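*Asks:* Residue strings, one per chain:
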Amino acid sequence: MTTPKIEIDHVTMAFGDTEVVHDASLDVAEHELVCVVGTSGGGKTTLLRAAGGLLAPADGRLAVDGEEIVGPTPKVAMIFQQFGLFPWKTVRENIEYGRSVQGRDVDPDELDHLLEVMHLTDYAEQYPYQLSGGMQQRVGIARALAVEPEVLLMDEPFSALDALTREELHGELLTLWENQDRLTALMVTHDIDEAILLGDRIAVLRGQPGHIDLEFEVDIERPRDAEEIRFHPRYAELRRKVWGALQGEAAPEREAVAS
Amino acid sequence: MSARAIQMASHPARAGAESRGRIRAHLLDGWVLRALSVVVILVAWEIYGRSTNPILFTYPSAVSGAAVNMTREGILLEAIGQSLLVLGIGLAAGTVVGIVVGLAVGRSRVMEALLDLPTIALYATPMVALVPVLVLWFGFGTWSKIVIVFLFAVFPVLINTTRGVKEADPGLEEVARSFCSSERRKWFDLTLPSALPFIVTGVRLAIGRGLIGVVVAEFYTSIAGLGFVIVSNASQFRTSRMFVSILVLMVLGVVLTKALEVLERRLTPWAQNGNHH
Numbered sequence: 272m273t274t275p276k277i278e279i280d281h282v283t284m285a286f287g288d289t290e291v292v293h294d295a296s297l298d299v300a301e302h303e304l305v306c307v308v309g310t311s312g313g314g315k316t317t318l319l320r321a322a323g324g325l326l327a328p329a330d331g332r333l334a335v336d337g338e339e340i341v342g343p344t345p346k347v348a349m350i351f352q353q354f355g356l357f358p359w360k361t362v363r364e365n366i367e368y369g370r371s372v373q374g375r376d377v378d379p380d381e382l383d384h385l386l387e388v389m390h391l392t393d394y395a396e397q398y399p400y401q402l403s404g405g406m407q408q409r410v411g412i413a414r415a416l417a418v419e420p421e422v423l424l425m426d427e428p429f430s431a432l433d434a435l436t437r438e439e440l441h442g443e444l445l446t447l448w449e450n451q452d453r454l455t456a457l458m459v460t461h462d463i464d465e466a467i468l469l470g471d472r473i474a475v476l477r478g479q480p481g482h483i484d485l486e487f488e489v490d491i492e493r494p495r496d497a498e499e500i501r502f503h504p505r506y507a508e509l510r511r512k513v514w515g516a517l518q519g520e521a522a523p524e525r526e527a528v529a530s
Numbered sequence: 009m010s011a012r013a014i015q016m017a018s019h020p021a022r023a024g025a026e027s028r029g030r031i032r033a034h035l036l037d038g039w040v041l042r043a044l045s046v047v048v049i050l051v052a053w054e055i056y057g058r059s060t061n062p063i064l065f066t067y068p069s070a071v072s073g074a075a076v077n078m079t080r081e082g083i084l085l086e087a088i089g090q091s092l093l094v095l096g097i098g099l100a101a102g103t104v105v106g107i108v109v110g111l112a113v114g115r116s117r118v119m120e121a122l123l124d125l126p127t128i129a130l131y132a133t134p135m136v137a138l139v140p141v142l143v144l145w146f147g148f149g150t151w152s153k154i155v156i157v158f159l160f161a162v163f164p165v166l167i168n169t170t171r172g173v174k175e176a177d178p179g180l181e182e183v184a185r186s187f188c189s190s191e192r193r194k195w196f197d198l199t200l201p202s203a204l205p206f207i208v209t210g211v212r213l214a215i216g217r218g219l220i221g222v223v224v225a226e227f228y229t230s231i232a233g234l235g236f237v238i239v240s241n242a243s244q245f246r247t248s249r250m251f252v253s254i255l256v257l258m259v260l261g262v263v264l265t266k267a268l269e270v271l272e273r274r275l276t277p278w279a280q281n282g283n284h285h
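Heads up: the sequence lines are chains F and Z, in that order.
Terminal number for the first sequence in my numbering: 530, no gaps in between.
Terminal number for the second sequence in my numbering: 285, no gaps in between.
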């Protein structure tokens with residue numbers, strides 16, 4: 272078996288004496304998109320920030336490509352729940368930000384292409400306050416993609432958006448994901464439908480402190496369709512199982528765990 | 009808004025009347041009302057002022073007459089020049105030092121611990137109380153006045169700059185870290201832009217305090233500037249001439265504050281509509 276792209280190995284996260292994540296383990300294979308589902312305050316975001324090198328674990332080890340994570344690396348790009356755009360930068364400047372801060376050239380043609388893919392061409396010179404939440408998160412996604420990362424970490428990227436915009440962006444992210452073969456992604460969310468639609472695998476982070484004792488393979492073939500997927504025979508069953516797990520059903524035998 | 013748009017679209021004949029009404033409303037809440045308030049004040053002043061003892065009070069036409077005379081004699085422009093020089097250098101020095109030290113205090117815990125109490129103490133001290141001491145140290149000349157204006161101006165800039173640095177969004181700090189930003193880049197991408205609106209507020213306060221500083225300094229020190237014009241004319245009961253100086257100071261304050269507003273809009277295009285972050 273090859274080294275997983277992302278390894279979370281018996282990781283405990285704590286703020287002071289308070290543990291928020293206890294002994295969590297999760298591997299993400301190359302080109303895989305894994306969703307960590309959990310309730311609010313369950314330590315999902317904390318775990319993701321550790322994977323991004325923003326927080327150090329109290330115990331355990333995190334690694335990308337077998338190398339221990341000791342801080343942020345250009346290999347990894349993050350997408351933030353509250354978008355994290357610089358209010359004083361235009362859309363174009365915000366998207367360029369990651370590349371320019373890493374001392375890499377910004378190819379204007381590539382940037383134009385990215386703007387087009389994310390439907391941002393007409394907004395390139397506007398400031399974030401002039402955009403809707405959905406457009407702002409498009410900028411956040413474009414900024415992450417612009418650094419050509421190997422790993423994408425997404426922290427509830429759509430939870431701050433209204434339902435309609437969320438569905439729109441789900442569709443776009445799905446298309447993006449299914450038309451590339453470079454990325455590996457870890458996404459945390461509390462939205463089960465989102466996790467089934469986007470994920471190859473779902474890990475349930477539950478309890479206080481949170482731990483991962485259940486994983487579900489999303490065995491629904493790609494390309495997927497945001498509308499059609501609800502009628503897939505596996506959909507309702509997966510949804511019920513994940514929901515049950517979050518409601519505190521005891522962990523059965525590691526069911527449908529990816530091998 | 010959208011209801012109005014629909015109405016305008018379906019009744020093109022009414023659109024003209026609507027927009028004329030809007031223009032009228034716009035003019036009324038804009039400069040027309042502002043000008044009106046000034047005119048009303050001047051007229052009331054003129055009427056009341058003429059009925060008072062000219063030693064104790066004056067009125068606008070007498071003040072403008074005095075202004076013309078003082079301009080002819082060369083007194084007015086000279087005094088304005090002298091005061092502006094002191095104000096300009098003192099404010100500029102206060103702003104620069106305030107920003108630099110404020111940034112340092114905002115970013116460094118050591119600097120903060122060292123400067124916290126002295127800054128608060130000096131900001132809270134009525135600077136007027138220090139003026140006699142400063143005159144003793146720096147003499148009666150221009151230097152002394154510049155130091156006084158500097159001391160009036162520096163603390164509001166310093167304190168606001170520090171606050172601006174500290175109010176930087178921790179979420180954006182995290183964004184910068186996650187994209188592997190250097191500390192140097194963080195200054196330009198994050199620290200300075202988030203401090204900018206606070207710095208402008210500090211400078212706005214500094215302008216007001218700087219004007220006080222100029223006048224107080226000129227009361228106490230050399231025979232120059234608008235403050236001196238006030239003192240010397242007051243002692244001779246030439247009230248109209250005194251008021252010329254006072255009004256010039258007032259106009260100076262308004263012009264500087266408005267100029268700063270324009271500058272702020274140019275510097276912070278992302279914060280239009282008061283949408284500060």
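Source of the hints: derived by calculation from the structure; they are not laboratory data.
Note that this is a predicted model, so its numbers are computed, not measured.
All C-beta atoms, glycine included, are put in the ideal place defined by N, C-alpha and C.
Some hints here could point you the wrong way.
As the list claims (entries may be wrong) - Facing chain F, a subset of chain Z residues (Cβ under 7 Å, in silico): (1) F65; (2) E181; (3) V183; (4) F187; (5) C188; (6) R193.
*Asks:* I'd like to know which numbered hints this structure contradicts. Please list them from smallest to largest.
*Replies:* 1 and 2
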